[in-house]
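Chains as they are written, first to last, in the numbering used here: chain Y, 1 to 462; chain U, 463 to 1302.
Everything labelled a hint here was simulated from the structure, so no lab data went into it. A couple of the hints might just be wrong.
As the list claims (entries may be wrong) - To spell it out: a stretch of chain U is covered by chain Y in this simulated footprint if at least three of its residues, at any positions, have a beta carbon under 8 Å from a beta carbon of chain Y; those stretches are: (1) 698 to 712; (2) 825 to 832; (3) 973 to 979; (4) 1016 to 1026; (5) 1126 to 1139; (6) 1144 to 1158.
Unchecked claim - Calculated lysine-lysine pairs in the DSS-like style (CA-CA distance at most 30 Å, straight line): (7) U:Lys-800 with Y:Lys-46; (8) Y:Lys-96 with Y:Lys-46; (9) Y:Lys-37 with U:Lys-1243; (10) Y:Lys-44 with U:Lys-800; (11) U:Lys-1243 with Y:Lys-289; (12) U:Lys-534 with Y:Lys-412; (13) Y:Lys-437 with U:Lys-980; (14) U:Lys-1167 with Y:Lys-437; (15) U:Lys-883 with Y:Lys-437; (16) Y:Lys-96 with U:Lys-1217; (17) U:Lys-1010 with Y:Lys-437; (18) Y:Lys-42 with U:Lys-549; (19) U:Lys-534 with Y:Lys-82; (20) U:Lys-820 with U:Lys-883; (21) Y:Lys-37 with U:Lys-1217; (22) U:Lys-487 with Y:Lys-437; (23) Y:Lys-37 with U:Lys-905; (24) Y:Lys-289 with U:Lys-1061; (25) U:Lys-835 with U:Lys-849; (26) U:Lys-1062 with Y:Lys-82; (27) Y:Lys-398 with U:Lys-922; (28) Y:Lys-412 with U:Lys-883; (29) Y:Lys-42 with Y:Lys-412; (30) U:Lys-800 with U:Lys-1061; (31) Y:Lys-289 with Y:Lys-42; (32) Y:Lys-289 with Y:Lys-44; (33) U:Lys-1226 with U:Lys-1243; (34) U:Lys-905 with U:Lys-555; (35) U:Lys-534 with Y:Lys-437; (36) U:Lys-922 with Y:Lys-42; (37) U:Lys-800 with U:Lys-549; (38) U:Lys-800 with U:Lys-849; (39) U:Lys-923 with Y:Lys-82; (40) U:Lys-549 with Y:Lys-398.
Note that this is a predicted model, so its numbers are computed, not measured. Positions of the beta carbon are idealized from the N, C-alpha and C atoms, including for glycine.
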Amino acid sequence: MNSRRNFLYRTSASLGSVALSALLERDARAAGILAPKAAHHKSKAKACIFLTMEGGPSHIDTFDPKPKLEQLHMTEFARESKFASAMESGRRYYVKSPFAFRRAGQCGISMSEHFEQLAKVADDICWYRGATAESSNHPTALFHLNTGNKFGGDPALGAWSTYGLGTVNENLPAYVVLPDTAFPQGGSGNWSNGFLPPSYQGTPLRASGSPVLDMEPPEGVDRASQLSNLGFLNSLNRMHAEAHPSQTDLQARIESYELAFRMQAEMPGVIDMDKESEETKTLYGIGAKETDAVGRRCLLARRLVEAGVRFVQVYASGWDSHDYLEGAHRNRIRAVDRPVAALLTDLKRRGMLDSTLVVWAGEFGRSPDNGVRKGTTTWGRDHNPGAMSIWMAGGGSKAGAIVGSTDEIGAKAVECVHPLRDVHVTLLHLLGLDDAKLTYFHAGRFRQLSQFGGSIISELVG
Amino acid sequence: MGLAGIAMFAQGPGARIEGEAIFHKHVRPMLEEKCAGCHGKAQAISQFRATAREDLLKGGNRGPSLVPGDAKSGTLLLALEQTTALKMPPGAKLPEETIAAVRRWVELGAPWPEGPAPAAAAQGSDADAWAFGPLRPGKLTSIDAYLQAELAKAKLPLAARASRRELIRRATQDVWGLPPTPEQVEAFVRDARPDAVAWKDLVDRLLASPRYGERWARHWLDVTRYADTGGFSNDYERPNAWRYREYVIRSLNNDKPYFQFVREQIAGDEMDASNPEMLVATGFLRMGPWEHTGMSVAAVTRQQWLDDVTHSTTATFLGLTMECARCHDHKFDPIPTKEYYRVQAVFAASEFAEPAAKFLPGEARDDFAAGRKRLEDLMQRNEARVKEYELLCLNRAAQKRGLTGPSEIPDKEARMIRQNKRELTPEEFERFKVYQKRQQLYKESIKRYEELAYGLQHAKKAQDVHILPVGNLETPGERVDPGYLSAVWRGPQAGPADVTTEIAGRRRELAEWIGSEKNPLTARVIVNRVWHWHFGHGIVRTPNDFGKLGARPTHPELLDWLAAEFVANQGSIKHLHRMILSSEAYQRGSQPADAELVKKADLDNKLLSYFPPRRMEAEEIRDSMLAVSGELSLETGGPGVFAAINRDIAQQPQQIMGTLRPAWEPAAKRADRNRRTIYTFQMRNLVDPMLEVLNAASMNESTAKRDETTIPTQAYALFNSDFARAQALALAQRAGNIDGVWRRILLRAPTAAEKTLAASHLAKRTEWHKQHAPPARGERKALVRAITSELTGDEVMITEDIDPLPYEENLHPGDVAPGVRALADIALALLNSSEFLYPY
C-alpha cells in the first residue's frame, strides 16, 4: 500500500506537531457557513456520539430477553403475506437465545451475560425497547436510521445537527464518521449532506489510509514544499481577486485553502492516540485483540468531541446474524462491550457526559424466528423492523429509565411504541433543535429529518 | 348552511371578511396539509372527515368538531391545543400563531367560502398558476429588448462587451465544457471580421462539434439522475444503461426536436418498437435508484418505482414537484392526490424489460471484443476459485469417510457437498462468498456489450392503482384510471381528461400530451432550463419547480416569447442556443459597470446588467484539467470507462449483500482512464470523491441546479490528489517553460509581475527537486482487504486479484528532470488558480 498514507489512527500517528508558517498560524475563526448557531431551545447536549451497530443487533439477545422462546424453541410454522419479503416467508421455526441474562444496576435492566462492562454503567443509560423501524432490508433501514428517508438521498442526522448548530472548531470537520473496516451497505449515502450544502457532509476518518481523503500531499512532498507551493498559489489568487473585487467568492476560495491546511495541521494532533495514558487505552480495550478496533474508534470519538466536533458517528458492523447467532453475536457484544462502557465512564469522569449525547442503535431488531436455510435449521435470526433496542446516555437523556416493551416473543413493540422518526425528533430535541423548525426548502417543499413531523418521546428525556 | 347562517355570529361584514381571510390563509391549508391524510376523502379515522364545513359540524366518534362562534366547544381546537389526551396533528403541535388563527376563525363563525381566495381570484389565474396558462409572449422581438425594458426601470448601467479573449473562453466552456486551445483563442482574437460575424462563426463551430452533446447531455443527466448502477444494497450494474446516455448525447448533437425527444423518453417503445433509438430512449423511465432482493417486499419495491417514475416524469418535463400530492391534495398547486395516482396509473401497465435493440451507428466500438475478453478472463479465473472451494469440500468429505479421493463419493452426494459447502470453515466460507458473488456480478457486466435496451415493456395485466392515503400501501383507497393533470393543460382531448385503460397506449397518450408542441408548460420548462444552463440562473429560478412554491419568472413575457419562438422553430434546442448566445446580454463583461449600484438595486443579478461569472462544474474541471495537460482522450461512446479515482476510496472495502464489493479498478489503458467524465462509469454507492466535493449532481435526486460551494476538502482534491498531480506533471513536460504553462492553462502570456514571481518560484523549486529524488513508482500487487464476517463476527482478510490487463502507467516524477518537476509545481498552482476555475 501507499506508504505516504501511514499516519493511521489505527497504528498511532506519526506526524507530531509541525512548525507552522504564517499561513497556518491564524486562530480558528468561527465564520462562514459552519459558524456556531443558536439552538432552538436550551439543552444540555452540545455534541452527539452515535454508535451505529450496523447489521441489526438482536434485541432478544442483548437487552430484551424473551424466556417464552425457551418453550417455543425449534417449533415450526409458516408465513405467507403480500407484505413479507422472500426472507420472511415460507417454513420457519422459533429460536431461543443462546445467552444467559442477568439484571444490572439499580434500574435492573436485563442484559446478556456477555455485556460485562456495560452492566457497570447501566444506571447511566436510558434504555428504550419501544422503537420500530419501517424497512426489513439493510440499506433502506440503515438509510432510514441515518437520514430519516428509507430511499436515501436525504441529509443524515449528523448533517441536520451541524446545519442547526454549526461547529465550534472550524479547523475540524463538524460531522465526522468513524466507519468500520468496511463501509456499510449504501456507502457514503449514509453520511450524506443530501440536499444541504456539502459543508454538512459527514467526513469519514478511515482507520487505514489517509484519514481525510488527500489531506496529505503525496509521498516525497515535504511540508516546506507544500507551503511554498501554496504561498505561490496564494499570491496568484490574491492578484486575481484584487482585479475582480466584486466577486466575493474569490476571497472565500483563498480562505478555504488556508482553512484546509490549518485542518491538515490540526488533525494529526487530534487523532494521535499516543497522547492518551496507558490506563485510558486499557480502559477502552486498546491493544486487546477483541476490542482494539472499536476501542480506538470510541476513544477517538471522545477526542474529537473534546476538540469541538459536533457530531461523531462510530460504526461497529457485523451484527447480521442469520446463522451462527451464538458465536457471531457473542463476538460482536464483546467487541463493543468494553469500548462503549469505557466511553461512558471516560466522558463521565471528564465531566463531558452531561453535554454529550451518546446513542446506541442498529437499523432494526431481529426476529424471534428464523427461516429454514439450506434445507435445515440454523441458530440465527432474520431482520425485524417491528422491534428493536436502542439506548442513549448523557446529554439530557433520562439515566436509569427503562422505557417501552415488546411482546412476549420480541416480535413487536407493544408499549411506548414510536417510529424511528420520533426517535429522530427526540434526539434533535436533546441537542436543542426542533425538528419542525429545522427545515430546508428543497424540491417543492420544506424538508425535515422526520420527513413529515414527529413527536418527542418524553419518557426518554431527563 | 350558507353565509346567512354565519351572520348571527359575525358582527357585520368586516368580521365575515376577516373570517374568510383567516380561512384562506390558515384554516384551509392546515386542514389540507395536516388533517386530510387521515380524515379525508380516502379514509376517515375515528369516523371523522375534515374536508367540508358540514364534516366538522358533524364531527366523528368524539362528537362535533366545530361549534361556530364557540371556541370553547368542539374537538378541533381541543385537539390543536393539546391540553388533553386528544392531541392533533400527531407529532409536533402546530405553531401558536396557527392555533390562535383557528380560534379567531371559530369565534367569527367559521365561515367557509367556496372557491379560491378572493385575492388570488382578483389577480386571475396568472397569479395562482401562471405557468399553466397559454403562452403570452410580449410584443418585443429580441432577448435584449426584454431585458433592457427592466434594466431601464432600474436605471442600471450595462457592463461593456467582454473581450474576445474572454468570450471565446466563456462560450467554449459553456458549450463544450472544455477550454479552447491557445491557437483557437489567438485566431479568434485576431479575426479581422466584425465582432458579430466572428462570433456567429464561433457559435456555429461550437454547436456543430460532438463536444457540444457531451457537455449538454451532462445537464440533462443531472435532471434525470443517470447512473450505471441501481444503488441500495448491491448497487448492481445496469449494463445497458449507457445506451441511454448515448441516446441523450446523440439527440442533442443531432438537434432532435425537443418535443419528439420528450415523447420518445416516455413512450418510445409504444411509438415504434422496431427502432432501437425508441427503445433505448425509455431508459429515462428507469433512471431512479432501485433494487429488489430477497429481503425486500415486491409490492413495496414496485410501488417505489411507480412513485419514482411519476415524480421524475412530471418534474423533468413539466417542472412540477408532485411529492406532496402523493399523500394529500397539493396544498399550493391545483394537483389533487387523485390526479397524481391517475398519472401513476399510466405506468402501471408497464414492467421492466431489456428488449433486443441493434446497435445504432456510432454505438458499437472497436474495443468491445477486448472488453468482453477481459471480463471472460476475469470470470474464468474467478470460476476457478469457486471450483477450488468445491474441491476442498469434496476432499475433506472424502477424508472424513476414509476414502482415497473425492471420485469415490457417489455423484448425487457429491453434488450436495459442493452445493452446501458445510465442509468449509466460516472464514473459508466468507472468502468463498466473495467469489460466488463476483461470478454473479461479472455475468451482469458482460451484458454491457449485448445489443439490449434498458427499458420497459407491456405487462400481461395492468396493475390496479389505488389512491394511497399518506402514501401507505397497506391501506389502499379509491381505485383510479389513468389520466392527465387537469389543471395543467387540457390539450386536444374532448370531455374528461382520460388516458386509455388498455394496456397498450397509455404512455403514448401521456407522451403526446406532455410532449405536445401546444403544451405551454413543457415549452416554458425547457426554455427556462436552457437559459439557466447558459446564465447560471433561470428566468424562473427554480427550474424543477414551476408550481406556486417555486419562483416567479423575473421576465414573464421574455420567457413566453422564447417559448413561442422555440415552438415555432420545431423545438430546436440549437436554435435556442443561438438566440441566447447571440444576445448582447450573453456577451457582456462579467464585472458590473457600477458594483455599488448593483449591490443596492440588483444583488442577485436578476436583470443581467453583467454576465454572471461562475465556477466550472465538477466534470468540467476534470475534463478541462485533462485537456490542458494534453492527456484528454476524445474517444466517444461505449459502456462507462473506469477513471482513476482516489486510490483509498477505490480500494475501500464496502459491504454489499453478503460480502464485499470488488475494488474499483481504473482502466488499464491510460487513454481510457482519461476520457471525458460523461463516459466514465457512474456508480451510485461510489462517487469519484473529487467530483463529489466539487458539487457533482446527486444520482438519487433530480438536480436542476448545481450548487457552487467553496469547502476546504476541494483544496485537498485539487492540490494533493494523484489525479491533479499527474495532470500537472504531464502538462509541465509538454509545456516546457513558464510561458507554455501559462498559455496552456490560462490561455494567455504571464504578466511581467507574474513572470517574475513564477521564475523565482521555479528556481527555488528546481533547487529543491535537484536535492530530492522522487520516491520510486509503487508496485502493483494483489490487494488484501478485510471484512467483518457476519458468520463469526471476526475480521476476515480477502485477497483481491488484480486486473489481468497490463497497466499503462502515467508519467512518473522519476521519469523527468528536476526542472520539469519544478515546472509541475507551477502548473499545479495554476490548475488550482481562480482564473482557471472561473471561466468568465
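Right, here's what the structure says about each hint:
1. 698 to 712: The restraint on the segment 698 to 712 of chain U is violated, since only 0 of its residues have a Cβ under 8 Å from chain Y and three are required.
2. 825 to 832: It is violated, with 0 qualifying residues against the three required.
3. 973 to 979: violated (count 0)
4. 1016 to 1026: With 0 residues in contact (Cβ-Cβ under 8 Å with chain Y), the coverage given for the segment 1016 to 1026 of chain U is violated.
5. 1126 to 1139: violated (count 0)
6. 1144 to 1158: holds (count 8)
7. U:Lys-800 with Y:Lys-46: Distance ~45 Å between Lys-800 of chain U and Lys-46 of chain Y Cα, so the pair is violated.
8. Y:Lys-96 with Y:Lys-46: violated, 41 Å
9. Y:Lys-37 with U:Lys-1243: violated, 49 Å
10. Y:Lys-44 with U:Lys-800: Violated, at about 46 Å.
11. U:Lys-1243 with Y:Lys-289: The given pair, whose Cα atoms are some 27 Å apart, holds under the 30 Å limit.
12. U:Lys-534 with Y:Lys-412: violated, 40 Å
13. Y:Lys-437 with U:Lys-980: Not OK: Lys-437 of chain Y and Lys-980 of chain U at ~42 Å, beyond 30 Å, violated.
14. U:Lys-1167 with Y:Lys-437: holds, 25 Å
15. U:Lys-883 with Y:Lys-437: violated, 55 Å
16. Y:Lys-96 with U:Lys-1217: The given pair, whose Cα atoms are some 78 Å apart, is violated under the 30 Å limit.
17. U:Lys-1010 with Y:Lys-437: holds, 21 Å
18. Y:Lys-42 with U:Lys-549: At roughly 24 Å apart (the allowed maximum being 30 Å), Lys-549 of chain U and Lys-42 of chain Y satisfy the hint.
19. U:Lys-534 with Y:Lys-82: violated, 46 Å
20. U:Lys-820 with U:Lys-883: violated, 42 Å
21. Y:Lys-37 with U:Lys-1217: violated, 45 Å
22. U:Lys-487 with Y:Lys-437: holds, 20 Å
23. Y:Lys-37 with U:Lys-905: violated, 52 Å
24. Y:Lys-289 with U:Lys-1061: Judged against 30 Å, a Cα distance of about 62 Å means the pair is violated.
25. U:Lys-835 with U:Lys-849: holds, 21 Å
26. U:Lys-1062 with Y:Lys-82: violated, 61 Å
27. Y:Lys-398 with U:Lys-922: Violated: Lys-398 of chain Y and Lys-922 of chain U sit about 56 Å apart, past 30 Å.
28. Y:Lys-412 with U:Lys-883: violated, 35 Å
29. Y:Lys-42 with Y:Lys-412: Measuring from Cα to Cα gives roughly 35 Å; hence the hint is violated.
30. U:Lys-800 with U:Lys-1061: violated, 46 Å
31. Y:Lys-289 with Y:Lys-42: violated, 42 Å
32. Y:Lys-289 with Y:Lys-44: violated, 36 Å
33. U:Lys-1226 with U:Lys-1243: Since the Cα atoms of Lys-1226 of chain U and Lys-1243 of chain U sit roughly 36 Å apart, the hinted pair is violated (cutoff 30 Å).
34. U:Lys-905 with U:Lys-555: Given pair Lys-905 of chain U, Lys-555 of chain U is violated - Cα atoms ~54 Å apart, limit 30 Å.
35. U:Lys-534 with Y:Lys-437: holds, 29 Å
36. U:Lys-922 with Y:Lys-42: violated, 59 Å
37. U:Lys-800 with U:Lys-549: holds, 28 Å
38. U:Lys-800 with U:Lys-849: violated, 56 Å
39. U:Lys-923 with Y:Lys-82: holds, 18 Å
40. U:Lys-549 with Y:Lys-398: Holds. Lys-549 of chain U to Lys-398 of chain Y sits at ~24 Å (cutoff 30 Å).
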